[in-house]
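Residue numbers (the numbering used here), protein chains in the order written: chain U, 1 to 113; chain W, 1 to 110.
Because the hints were derived from the structure by calculation, they are not lab data. Because the structure is a prediction, the values reported are computed rather than measured. Keep in mind that the hints are not guaranteed to be accurate.
To be verified - Below, simulated DMTMM-like cross-link-like pairs (lysine to aspartate or glutamate); rule was C-alpha separation at most 25 Å, straight line:
1. W:26 / U:38
2. W:97 / U:53
3. W:97 / U:24
What the hints assert, rightly or not - Which bits of chain W does chain U cover? Going by a derived footprint, with three or more residues having C-beta under 8 Å, they are:
4. 27-34
5. 41-49
6. 86-92
7. 100-108
C-beta atoms are modelled at their ideal positions from N, C-alpha and C, and glycine is treated no differently.
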Amino acid sequence: DTAVSQTPKYLVTQMGNDKSIKCEQNLGHDTMYWYKQDSKKFLKIMFSYNNKELIINETVPNRFSPKSPDKAHLNLHINSLELGDSAVYFCASSQGLNGGWAFFGQGTRLTVV
Amino acid sequence: SQQGEEDPQALSIQEGENATMNCSYKTSINNLQWYRQNSGRGLVHLILIRSNEREKHSGRLRVTLDTSKKSSSLLITASRAADTASYFCALYNQGGKLIFGQGTELSVKP
Chain U
1 DTAVSQTPKY LVTQMGNDKS IKCEQNLGHD TMYWYKQDSK KFLKIMFSYN NKELIINETV
61 PNRFSPKSPD KAHLNLHINS LELGDSAVYF CASSQGLNGG WAFFGQGTRL TVV
Chain W
1 SQQGEEDPQA LSIQEGENAT MNCSYKTSIN NLQWYRQNSG RGLVHLILIR SNEREKHSGR
61 LRVTLDTSKK SSSLLITASR AADTASYFCA LYNQGGKLIF GQGTELSVKP
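Next up, chain U with everything else stripped away, as it sits in the complex (with noise of 0.2 Å):
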């Protein structure tokens, strides 16, 4: 069983579209991150949900919209899609704020044309 998966794993859209990108996780985790990491493998950590509440938001464009319906599950929104959007977006989750491990999905890469 993946314990954390994203869907899909190749997103190719136009300029201005909008898309969505799902993520569980059956791990029971608390806590769930969305990543960018750009073409120079930066890791940028984007948001934070603990308990489905937003505890994280790292001055993001807010054409990007996070969603938590429930503990296992991290959605991002992003609308009017730019081509500096293009990367590869991770989900990752984690047992709490307790700073323990993070387990991370294999990655959406996401371009813009």
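For this one, chain U is given, so just place chain W on it according to the hints.
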């Protein structure tokens, strides 16, 4: 900057040699974590070292932490071609953030 700064950015060695990667940071931390990322894959955790610990081992991996110098190192002994990957340090701070460095790309040649 809250993130760790990794050094070197790239490292190329022969199989059997040791690989050392360093991570320096500026903020206070609860713990420091090391992750590995194979090409095209997600990150996998390797070792977590708490701020009151100085050294941890896991198989061929050894991590040290010097909080007075705000630095950590990851040593991979007797490297193998399969160790080829990117290695990241990540800082966990009081605010519940897990912040990653820019990584070290390790290439182990057979």
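Evaluated hints:
1. W:26 / U:38: 23 Å, holds
2. W:97 / U:53: Roughly 15 Å between the alpha carbons, so the hint for residue 97 (chain W) and residue 53 (chain U) holds.
3. W:97 / U:24: 20 Å, holds
4. 27-34: holds (count 3)
5. 41-49: Holds, because 6 residues of the region 41-49 of chain W bring their Cβ atoms closer than 8 Å to Cβ atoms of chain U.
6. 86-92: holds (count 4)
7. 100-108: holds (count 4)
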